[in-house]
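My request is simple: use the sequences and hints to build the entire structure.
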Amino acid sequence: MKIILVVLLIVVATTASTDEEKWTKFKITHNRVYKNIEEHDHRFEIFKKNLIRIKEQKEKYEKGESTFNFGITQFADLTEEEFLGRFKSSGSSKLSEIVSNVSSSKSRSKISSASDDLPDQYDWVQSGAVTPVRYYGDCGACTAASVVAAVEGAEFIKTGNLIQRSTRQLRDCIPFDPHECWICYEKVLNYTRDFGIMTEKDYPWKYEFEDCQTDNITATDPLIQIIDWIYVAEGEEEELQRTVYLEGPVAVSLDATNYFQLYTDGVLDDPSCGNTMDDLDTTLLLVGYGESERLGQYWILKYYFGPYWGKDGYLWLRRNKNNQCGVATSAVIPVLDY
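Read left to right, the sequence shown gives residues -16 to -1, 1 to 322 (mature numbering (1 follows the signal peptide of the UniProt record, and there is no 0)).
Hints in this document: simulated from the structure, not taken from any laboratory. It cannot be assumed that every hint is accurate.
DEER-style ranges, computed between Cβ atoms [claimed, not checked]: (1) T202 - E23: 18 to 28 Å; (2) G121 - Y215: 22 to 32 Å; (3) Y215 - Y191: 29 to 39 Å; (4) H26 - Y191: 40 to 50 Å; (5) D296 - N145: 18 to 28 Å.
Cut-off 27 Å, straight-line C-alpha distance, at most; resulting in silico cross-link-like pairs (DSS-like, lysine-lysine) [what the hints assert, rightly or not]: (6) K185 - K171; (7) K295 - K19; (8) K19 - K32; (9) K305 - K33; (10) K6 - K295; (11) K32 - K295; (12) K171 - K11; (13) K305 - K47; (14) K33 - K6; (15) K11 - K42.
Glycine included, each C-beta is placed from N, C-alpha and C at the ideal position.
And the structure:
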(Lines of atoms letter the chains of each structure in order from A and count residues from 1; the text may use other names and numbers.)
(Lines give C-alpha, C1' and ligand atoms only; values in the text may rest on other atoms or scores of the structure.)
Protein backbone atom coordinates (compact mmCIF):
# COMPACT_ATOMS: atom_id res chain seq x y z
CA MET A 1 0.00 0.00 0.00
CA LYS A 2 2.81 2.39 0.89
CA ILE A 3 4.56 1.63 -2.40
CA ILE A 4 1.40 2.43 -4.38
CA LEU A 5 0.96 5.68 -2.46
CA VAL A 6 4.56 6.70 -3.12
CA VAL A 7 4.17 5.97 -6.84
CA LEU A 8 0.98 8.03 -7.00
CA LEU A 9 2.66 10.93 -5.23
CA ILE A 10 5.55 10.77 -7.69
CA VAL A 11 3.14 10.79 -10.66
CA VAL A 12 1.22 13.75 -9.25
CA ALA A 13 4.43 15.66 -8.54
CA THR A 14 5.79 14.93 -12.01
CA THR A 15 2.55 16.06 -13.66
CA ALA A 16 2.51 19.25 -11.61
CA SER A 17 6.13 19.92 -12.53
CA THR A 18 5.39 19.34 -16.21
CA ASP A 19 2.37 21.65 -16.09
CA GLU A 20 4.46 24.35 -14.41
CA GLU A 21 7.17 24.02 -17.05
CA LYS A 22 4.63 24.26 -19.87
CA TRP A 23 3.02 27.25 -18.17
CA THR A 24 6.35 29.04 -17.82
CA LYS A 25 7.22 28.38 -21.46
CA PHE A 26 3.76 29.56 -22.54
CA LYS A 27 4.11 32.86 -20.68
CA ILE A 28 7.56 33.50 -22.16
CA THR A 29 6.56 32.56 -25.71
CA HIS A 30 3.44 34.71 -25.71
CA ASN A 31 4.68 37.57 -23.48
CA ARG A 32 2.02 37.03 -20.84
CA VAL A 33 2.01 39.44 -17.90
CA TYR A 34 -1.00 39.33 -15.58
CA LYS A 35 -2.24 42.23 -13.49
CA ASN A 36 -1.96 40.45 -10.12
CA ILE A 37 -1.33 37.07 -8.52
CA GLU A 38 -5.05 36.26 -8.44
CA GLU A 39 -5.35 36.72 -12.18
CA HIS A 40 -2.15 34.74 -12.72
CA ASP A 41 -3.41 31.80 -10.68
CA HIS A 42 -6.82 31.94 -12.34
CA ARG A 43 -5.24 31.76 -15.78
CA PHE A 44 -3.00 28.89 -14.70
CA GLU A 45 -6.05 26.89 -13.63
CA ILE A 46 -7.65 27.49 -17.03
CA PHE A 47 -4.37 26.55 -18.72
CA LYS A 48 -4.30 23.23 -16.84
CA LYS A 49 -7.86 22.45 -17.91
CA ASN A 50 -6.88 23.14 -21.51
CA LEU A 51 -3.91 20.80 -21.14
CA ILE A 52 -6.42 18.06 -20.34
CA ARG A 53 -8.39 18.94 -23.49
CA ILE A 54 -5.16 18.81 -25.49
CA LYS A 55 -4.20 15.43 -24.05
CA GLU A 56 -7.62 13.92 -24.76
CA GLN A 57 -7.69 15.21 -28.34
CA LYS A 58 -4.12 14.03 -29.01
CA GLU A 59 -5.11 10.52 -27.93
CA LYS A 60 -8.06 10.54 -30.34
CA TYR A 61 -5.86 11.84 -33.15
CA GLU A 62 -3.13 9.26 -32.58
CA LYS A 63 -5.68 6.43 -32.46
CA GLY A 64 -7.21 7.58 -35.75
CA GLU A 65 -10.49 8.50 -34.05
CA SER A 66 -10.16 12.14 -35.10
CA THR A 67 -8.59 13.94 -38.08
CA PHE A 68 -7.28 16.96 -36.16
CA ASN A 69 -4.95 17.59 -33.25
CA PHE A 70 -4.69 20.08 -30.40
CA GLY A 71 -1.67 21.79 -28.91
CA ILE A 72 -0.68 24.79 -26.81
CA THR A 73 -1.59 27.96 -28.71
CA GLN A 74 -1.63 31.59 -27.55
CA PHE A 75 -5.25 31.02 -26.47
CA ALA A 76 -4.45 28.27 -23.97
CA ASP A 77 -5.08 30.56 -20.98
CA LEU A 78 -8.64 31.35 -22.10
CA THR A 79 -11.86 29.48 -21.48
CA GLU A 80 -13.80 28.33 -24.53
CA GLU A 81 -16.37 31.06 -23.85
CA GLU A 82 -13.70 33.76 -23.69
CA PHE A 83 -12.15 32.55 -26.93
CA LEU A 84 -15.45 32.50 -28.81
CA GLY A 85 -16.24 35.94 -27.40
CA ARG A 86 -13.57 37.31 -29.74
CA PHE A 87 -15.86 36.46 -32.65
CA LYS A 88 -19.39 36.71 -31.29
CA SER A 89 -21.11 40.03 -30.69
CA SER A 90 -24.56 40.07 -29.13
CA GLY A 91 -25.28 43.43 -30.75
CA SER A 92 -24.43 42.36 -34.29
CA SER A 93 -27.02 42.71 -36.98
CA LYS A 94 -27.81 39.60 -38.95
CA LEU A 95 -25.47 39.38 -41.91
CA SER A 96 -28.25 38.05 -44.15
CA GLU A 97 -30.30 41.20 -43.50
CA ILE A 98 -27.34 43.48 -44.21
CA VAL A 99 -26.37 41.65 -47.39
CA SER A 100 -29.95 41.70 -48.68
CA ASN A 101 -30.05 45.48 -48.23
CA VAL A 102 -26.75 46.15 -49.98
CA SER A 103 -27.17 47.96 -53.28
CA SER A 104 -24.75 45.96 -55.37
CA SER A 105 -24.71 44.51 -58.85
CA LYS A 106 -22.32 41.80 -57.72
CA SER A 107 -23.90 38.46 -58.51
CA ARG A 108 -23.07 35.09 -57.06
CA SER A 109 -21.47 33.75 -60.20
CA LYS A 110 -20.12 30.53 -61.54
CA ILE A 111 -16.52 31.04 -62.61
CA SER A 112 -16.31 28.19 -65.07
CA SER A 113 -18.02 25.12 -66.45
CA ALA A 114 -18.24 21.88 -64.51
CA SER A 115 -16.10 20.16 -67.13
CA ASP A 116 -12.87 21.78 -65.94
CA ASP A 117 -10.19 19.20 -65.19
CA LEU A 118 -9.01 20.15 -61.71
CA PRO A 119 -6.00 18.66 -59.90
CA ASP A 120 -6.58 16.75 -56.66
CA GLN A 121 -4.63 19.39 -54.76
CA TYR A 122 -3.38 22.93 -55.25
CA ASP A 123 -1.81 25.51 -52.94
CA TRP A 124 -1.17 29.14 -53.90
CA VAL A 125 1.38 29.42 -51.09
CA GLN A 126 3.63 27.04 -53.02
CA SER A 127 3.13 29.18 -56.14
CA GLY A 128 4.36 32.30 -54.34
CA ALA A 129 1.06 34.21 -54.31
CA VAL A 130 0.65 34.53 -50.53
CA THR A 131 2.51 36.82 -48.11
CA PRO A 132 3.79 35.44 -44.78
CA VAL A 133 1.45 34.67 -41.88
CA ARG A 134 1.02 37.52 -39.42
CA TYR A 135 -0.81 38.11 -36.16
CA TYR A 136 -3.39 40.90 -36.31
CA GLY A 137 -4.76 40.72 -32.79
CA ASP A 138 -8.48 40.31 -32.22
CA CYS A 139 -10.87 39.73 -35.08
CA GLY A 140 -11.46 43.42 -35.84
CA ALA A 141 -8.95 43.35 -38.70
CA CYS A 142 -9.82 39.95 -40.18
CA THR A 143 -12.06 41.19 -42.98
CA ALA A 144 -9.57 43.87 -44.00
CA ALA A 145 -6.69 41.37 -43.84
CA SER A 146 -8.55 38.80 -45.95
CA VAL A 147 -9.46 41.30 -48.66
CA VAL A 148 -5.92 42.69 -48.69
CA ALA A 149 -4.51 39.17 -49.00
CA ALA A 150 -6.88 38.35 -51.87
CA VAL A 151 -5.81 41.55 -53.65
CA GLU A 152 -2.14 40.67 -53.06
CA GLY A 153 -2.74 37.27 -54.64
CA ALA A 154 -4.56 38.76 -57.63
CA GLU A 155 -1.75 41.27 -58.13
CA PHE A 156 0.84 38.50 -58.06
CA ILE A 157 -1.08 36.43 -60.61
CA LYS A 158 -1.38 39.45 -62.94
CA THR A 159 2.15 40.85 -62.56
CA GLY A 160 4.36 38.20 -61.00
CA ASN A 161 5.14 40.57 -58.12
CA LEU A 162 4.10 39.74 -54.55
CA ILE A 163 3.73 43.05 -52.74
CA GLN A 164 2.55 43.25 -49.13
CA ARG A 165 -0.30 45.74 -48.84
CA SER A 166 -1.50 47.69 -45.80
CA THR A 167 -4.15 46.01 -43.67
CA ARG A 168 -3.85 48.82 -41.16
CA GLN A 169 -4.95 51.38 -43.77
CA LEU A 170 -8.22 49.56 -44.35
CA ARG A 171 -8.77 48.93 -40.65
CA ASP A 172 -8.20 52.58 -39.69
CA CYS A 173 -9.73 54.36 -42.69
CA ILE A 174 -13.04 52.55 -43.15
CA PRO A 175 -15.95 53.62 -40.91
CA PHE A 176 -16.69 50.28 -39.32
CA ASP A 177 -18.92 49.38 -36.40
CA PRO A 178 -18.31 45.78 -35.30
CA HIS A 179 -21.73 45.78 -33.61
CA GLU A 180 -23.27 46.44 -37.02
CA CYS A 181 -21.48 43.69 -38.88
CA TRP A 182 -18.24 41.85 -38.15
CA ILE A 183 -17.55 40.50 -41.61
CA CYS A 184 -19.17 42.78 -44.19
CA TYR A 185 -17.01 42.77 -47.29
CA GLU A 186 -18.88 45.60 -48.99
CA LYS A 187 -17.33 48.49 -47.06
CA VAL A 188 -13.83 47.08 -47.46
CA LEU A 189 -14.26 46.34 -51.15
CA ASN A 190 -15.85 49.71 -51.90
CA TYR A 191 -12.98 51.50 -50.17
CA THR A 192 -10.41 49.44 -52.07
CA ARG A 193 -12.11 50.32 -55.35
CA ASP A 194 -12.50 54.04 -54.57
CA PHE A 195 -9.22 54.83 -52.82
CA GLY A 196 -6.79 51.95 -53.34
CA ILE A 197 -4.42 50.27 -50.89
CA MET A 198 -0.94 51.49 -49.98
CA THR A 199 1.97 49.15 -49.43
CA GLU A 200 2.80 47.84 -45.98
CA LYS A 201 6.07 49.75 -46.24
CA ASP A 202 4.25 53.07 -46.65
CA TYR A 203 1.49 52.41 -44.10
CA PRO A 204 2.94 49.82 -41.66
CA TRP A 205 0.92 47.76 -39.20
CA LYS A 206 0.24 48.87 -35.62
CA TYR A 207 -1.97 47.03 -33.17
CA GLU A 208 -3.37 50.30 -31.84
CA PHE A 209 -6.32 51.82 -33.69
CA GLU A 210 -5.67 55.34 -34.99
CA ASP A 211 -7.39 57.90 -37.16
CA CYS A 212 -6.85 57.42 -40.87
CA GLN A 213 -3.34 58.59 -41.82
CA THR A 214 -3.55 58.58 -45.63
CA ASP A 215 -3.53 62.39 -45.83
CA ASN A 216 -0.32 62.47 -43.78
CA ILE A 217 1.57 59.85 -45.80
CA THR A 218 3.33 60.36 -49.10
CA ALA A 219 3.21 57.01 -50.85
CA THR A 220 6.56 55.94 -52.27
CA ASP A 221 5.01 53.00 -54.14
CA PRO A 222 1.90 52.90 -56.35
CA LEU A 223 -1.42 52.11 -54.71
CA ILE A 224 -3.51 49.24 -56.05
CA GLN A 225 -7.23 49.52 -56.75
CA ILE A 226 -9.82 46.98 -57.75
CA ILE A 227 -12.51 47.66 -60.34
CA ASP A 228 -14.95 45.00 -59.29
CA TRP A 229 -15.51 41.87 -57.21
CA ILE A 230 -17.39 38.63 -57.66
CA TYR A 231 -19.16 36.51 -55.07
CA VAL A 232 -18.81 32.79 -55.62
CA ALA A 233 -22.07 30.86 -55.97
CA GLU A 234 -23.36 30.42 -52.41
CA GLY A 235 -22.86 27.05 -50.78
CA GLU A 236 -21.26 25.36 -53.80
CA GLU A 237 -17.98 23.82 -52.73
CA GLU A 238 -17.14 22.46 -56.18
CA GLU A 239 -17.48 25.96 -57.60
CA LEU A 240 -15.28 27.30 -54.80
CA GLN A 241 -12.66 24.70 -55.70
CA ARG A 242 -12.71 25.80 -59.34
CA THR A 243 -12.51 29.44 -58.32
CA VAL A 244 -9.47 29.12 -56.07
CA TYR A 245 -7.63 27.00 -58.64
CA LEU A 246 -8.46 29.07 -61.74
CA GLU A 247 -8.67 32.59 -60.29
CA GLY A 248 -6.49 32.71 -57.19
CA PRO A 249 -6.84 33.13 -53.41
CA VAL A 250 -10.40 33.80 -52.22
CA ALA A 251 -11.63 35.77 -49.19
CA VAL A 252 -14.07 33.52 -47.31
CA SER A 253 -16.10 33.69 -44.11
CA LEU A 254 -16.56 30.98 -41.49
CA ASP A 255 -18.43 30.16 -38.32
CA ALA A 256 -15.63 30.09 -35.75
CA THR A 257 -15.86 26.92 -33.67
CA ASN A 258 -14.39 26.35 -30.22
CA TYR A 259 -12.04 23.83 -31.85
CA PHE A 260 -10.16 26.77 -33.37
CA GLN A 261 -8.81 27.66 -29.93
CA LEU A 262 -6.26 24.86 -29.59
CA TYR A 263 -6.05 23.61 -33.18
CA THR A 264 -2.50 22.80 -34.31
CA ASP A 265 -2.63 20.07 -36.94
CA GLY A 266 -4.74 17.85 -39.17
CA VAL A 267 -8.10 18.49 -40.82
CA LEU A 268 -10.61 20.20 -38.54
CA ASP A 269 -13.96 18.44 -38.79
CA ASP A 270 -16.87 19.86 -36.78
CA PRO A 271 -20.35 18.91 -38.08
CA SER A 272 -21.93 21.20 -35.46
CA CYS A 273 -20.37 24.22 -37.16
CA GLY A 274 -22.95 26.55 -38.75
CA ASN A 275 -23.06 27.21 -42.49
CA THR A 276 -25.75 29.85 -42.98
CA MET A 277 -25.07 33.53 -43.62
CA ASP A 278 -26.05 34.41 -40.07
CA ASP A 279 -23.64 31.86 -38.58
CA LEU A 280 -20.56 33.51 -40.11
CA ASP A 281 -18.39 35.54 -37.77
CA THR A 282 -14.82 35.64 -39.06
CA THR A 283 -12.96 35.85 -42.38
CA LEU A 284 -9.92 34.02 -43.74
CA LEU A 285 -8.05 33.59 -47.00
CA LEU A 286 -8.66 30.40 -48.94
CA VAL A 287 -5.36 29.53 -50.62
CA GLY A 288 -5.95 25.99 -51.86
CA TYR A 289 -7.17 22.49 -51.19
CA GLY A 290 -5.92 18.93 -50.95
CA GLU A 291 -6.70 15.39 -49.89
CA SER A 292 -4.97 12.41 -48.30
CA GLU A 293 -5.85 8.82 -47.51
CA ARG A 294 -5.49 9.44 -43.77
CA LEU A 295 -7.24 12.81 -43.51
CA GLY A 296 -9.61 12.94 -46.47
CA GLN A 297 -10.44 16.11 -48.45
CA TYR A 298 -9.67 19.52 -47.00
CA TRP A 299 -9.44 23.25 -47.65
CA ILE A 300 -6.26 25.22 -46.88
CA LEU A 301 -6.93 28.58 -45.22
CA LYS A 302 -4.63 31.35 -44.04
CA TYR A 303 -5.66 32.90 -40.73
CA TYR A 304 -4.43 35.85 -38.71
CA PHE A 305 -3.46 34.28 -35.40
CA GLY A 306 0.24 34.15 -36.28
CA PRO A 307 2.62 31.20 -36.78
CA TYR A 308 2.15 29.73 -33.27
CA TRP A 309 -1.42 28.76 -34.10
CA GLY A 310 -2.58 25.96 -36.40
CA LYS A 311 -0.30 24.49 -39.05
CA ASP A 312 2.21 27.36 -38.99
CA GLY A 313 -0.68 29.80 -39.10
CA TYR A 314 -2.90 27.83 -41.49
CA LEU A 315 -6.13 25.90 -40.98
CA TRP A 316 -7.02 22.72 -42.81
CA LEU A 317 -10.82 22.41 -42.85
CA ARG A 318 -13.01 19.51 -43.95
CA ARG A 319 -13.97 19.84 -47.64
CA ASN A 320 -17.08 18.57 -49.44
CA LYS A 321 -18.97 17.81 -46.25
CA ASN A 322 -22.12 19.92 -46.17
CA ASN A 323 -20.28 23.23 -46.66
CA GLN A 324 -18.71 22.87 -43.23
CA CYS A 325 -18.48 26.07 -41.17
CA GLY A 326 -19.93 27.97 -44.16
CA VAL A 327 -16.68 28.06 -46.15
CA ALA A 328 -18.63 28.44 -49.43
CA THR A 329 -21.45 30.61 -48.07
CA SER A 330 -19.83 34.04 -48.51
CA ALA A 331 -16.71 33.88 -50.69
CA VAL A 332 -15.45 36.75 -52.83
CA ILE A 333 -12.64 37.45 -55.29
CA PRO A 334 -11.36 40.92 -56.31
CA VAL A 335 -11.05 41.99 -59.94
CA LEU A 336 -8.10 44.16 -61.00
CA ASP A 337 -7.90 46.60 -63.92
CA TYR A 338 -5.15 44.75 -65.81
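Tested hints:
{"no.": "1", "hint": "T202 - E23: 18 to 28 Å", "verdict": "violated (44 Å)"}
{"no.": "2", "hint": "G121 - Y215: 22 to 32 Å", "verdict": "holds (27 Å)"}
{"no.": "3", "hint": "Y215 - Y191: 29 to 39 Å", "verdict": "holds (31 Å)"}
{"no.": "4", "hint": "H26 - Y191: 40 to 50 Å", "verdict": "violated (24 Å)"}
{"no.": "5", "hint": "D296 - N145: 18 to 28 Å", "verdict": "holds (24 Å)"}
{"no.": "6", "hint": "K185 - K171", "verdict": "holds (23 Å)"}
{"no.": "7", "hint": "K295 - K19", "verdict": "violated (31 Å)"}
{"no.": "8", "hint": "K19 - K32", "verdict": "holds (19 Å)"}
{"no.": "9", "hint": "K305 - K33", "verdict": "violated (31 Å)"}
{"no.": "10", "hint": "K6 - K295", "verdict": "holds (20 Å)"}
{"no.": "11", "hint": "K32 - K295", "verdict": "holds (23 Å)"}
{"no.": "12", "hint": "K171 - K11", "verdict": "violated (37 Å)"}
{"no.": "13", "hint": "K305 - K47", "verdict": "holds (22 Å)"}
{"no.": "14", "hint": "K33 - K6", "verdict": "holds (13 Å)"}
{"no.": "15", "hint": "K11 - K42", "verdict": "holds (22 Å)"}
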